[in-house]
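> Heads up: the sequence shown at position 201 corresponds to 201 in UniProt numbering, and the numbers run straight through without jumps.
Don't read these hints as lab results, they were simulated from the structure.
There could be a bad hint or two in this list.
[What the hints assert, rightly or not] What follows is a set of in silico ranges between Cβ atoms, one per label pair, in the way DEER data are often shown:
1. 59 <-> 150: 21 to 27 angstroms
2. 65 <-> 168: 51 to 57 angstroms
3. 67 <-> 110: 33 to 39 angstroms
4. 65 <-> 23: 20 to 26 angstroms
5. 143 <-> 104: 24 to 30 angstroms
6. 23 <-> 150: 22 to 28 angstroms
7. 11 <-> 35: 36 to 42 angstroms
8. 66 <-> 166: 35 to 41 angstroms
9. 59 <-> 105: 39 to 45 angstroms
10. 166 <-> 10: 19 to 25 angstroms
11. 56 <-> 11: 24 to 30 angstroms
12. 9 <-> 88: 30 to 36 angstroms
13. 12 <-> 117: 26 to 32 angstroms
Owing to the predicted nature of the structure, the values given are computational and were not obtained by experimental measurement.
We put the CB at the ideal spot given by N, CA and C, even for glycine.
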Amino acid sequence: MNTGDLGGNVYANYAVSTTAETVAVLLCFYADKLPRKKIYCTAMILGSTACLSTIFTSMYASGALHWVTIGLAMIGKLGVTTAFFLIYLITSECFPTVIRASMFGLCSSGARIGSMSSSYIGKLGVLIDTKFGTALPLIIVGSVGTLAGILSLLLPETRNTELPETFEEALHIESNTEDQSPDSSESNIEMLSVKDEKCRQNKMS
1 MNTGDLGGNV
11 YANYAVSTTA
21 ETVAVLLCFY
31 ADKLPRKKIY
41 CTAMILGSTA
51 CLSTIFTSMY
61 ASGALHWVTI
71 GLAMIGKLGV
81 TTAFFLIYLI
91 TSECFPTVIR
101 ASMFGLCSSG
111 ARIGSMSSSY
121 IGKLGVLIDT
131 KFGTALPLII
141 VGSVGTLAGI
151 LSLLLPETRN
161 TELPETFEEA
171 LHIESNTEDQ
181 SPDSSESNIE
191 MLSVKDEKCR
201 QNKMS
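Based on the provided sequences and hints, a complete structural model is requested.
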């Protein structure tokens, strides 16, 4: 929403912004190959640092270097978009089955606070018509993003883990690691068959 206020050609800015989002989506395809928590944390802190760096290019660089501000803003967009897609995956894997849908909806509703306030934050550069005002929206987003990136280190790593079904499993989610070997796959199938058989017996009784 702040693309048109960054200076330069608005169409070129939009094209670069769209490219950054496309790259971010492609990066998310590697979420199963790398630790998700580390990718999320790195994306948030990288994007936030880029946004915070715009204060120097906006206030102390000449107008001819406005493209540096745009470039930093797009790096921020790349990081935030990557984190946006990953957080949905991480959120759904952290909560147990009994409350997964409810908590997913609650977290998504809470995230809409940022969506509603973004329109006001994005226009601060217009209301505060100074060099600092141009960078202010990115500074706010960068500060919040840095905090979110640091706090994400408290989250459990959910890659290659079984989805928790109970609260107890959710509390020890990192210990519920899936073994990817063929033998373990066969044993998992046998265990599921035994569970299904027990469930059918319980229903019949």
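> Hint by hint, note whether the structure agrees.
Taking the hints in turn, this is what the structure says about them:
One distance hint, 21 to 27 angstroms for the beta-carbon pair residue 59 and residue 150, holds here, with the actual separation near 25 angstroms. Restraint check, residue 65 to residue 168: a C-beta distance of roughly 56 angstroms satisfies the suggested window 51 to 57 angstroms. For the pair residue 67 and residue 110, the beta carbons lie near 36 angstroms from each other, so the given range of 33 to 39 angstroms is met. For the pair residue 65 and residue 23, the beta carbons lie near 23 angstroms from each other, so the given range of 20 to 26 angstroms is met.
The given range of 24 to 30 angstroms is respected by residue 143 and residue 104, whose C-beta atoms sit roughly 27 angstroms from each other. At about 24 angstroms, the beta-carbon gap between residue 23 and residue 150 stays in the expected band of 22 to 28 angstroms. With their beta carbons about 38 angstroms apart, residue 11 and residue 35 fall inside the hinted range of 36 to 42 angstroms. Checked against the hint of 35 to 41 angstroms, the pair residue 66 and residue 166 fails, with Cβ atoms roughly 54 angstroms apart.
Separation of residue 59 from residue 105 is about 41 angstroms and conforms to the stated range, judged on CB atoms against 39 to 45 angstroms. A hinted range of 19 to 25 angstroms is violated for the C-beta pair residue 166 and residue 10, which are about 52 angstroms apart. Hint check: residue 56 to residue 11, Cβ distance near 26 angstroms, so the stated range 24 to 30 angstroms holds. With their beta carbons about 33 angstroms apart, residue 9 and residue 88 fall inside the hinted range of 30 to 36 angstroms.
Under the hint 26 to 32 angstroms, the C-beta atoms of residue 12 and residue 117, about 27 angstroms apart, fit the expected range.
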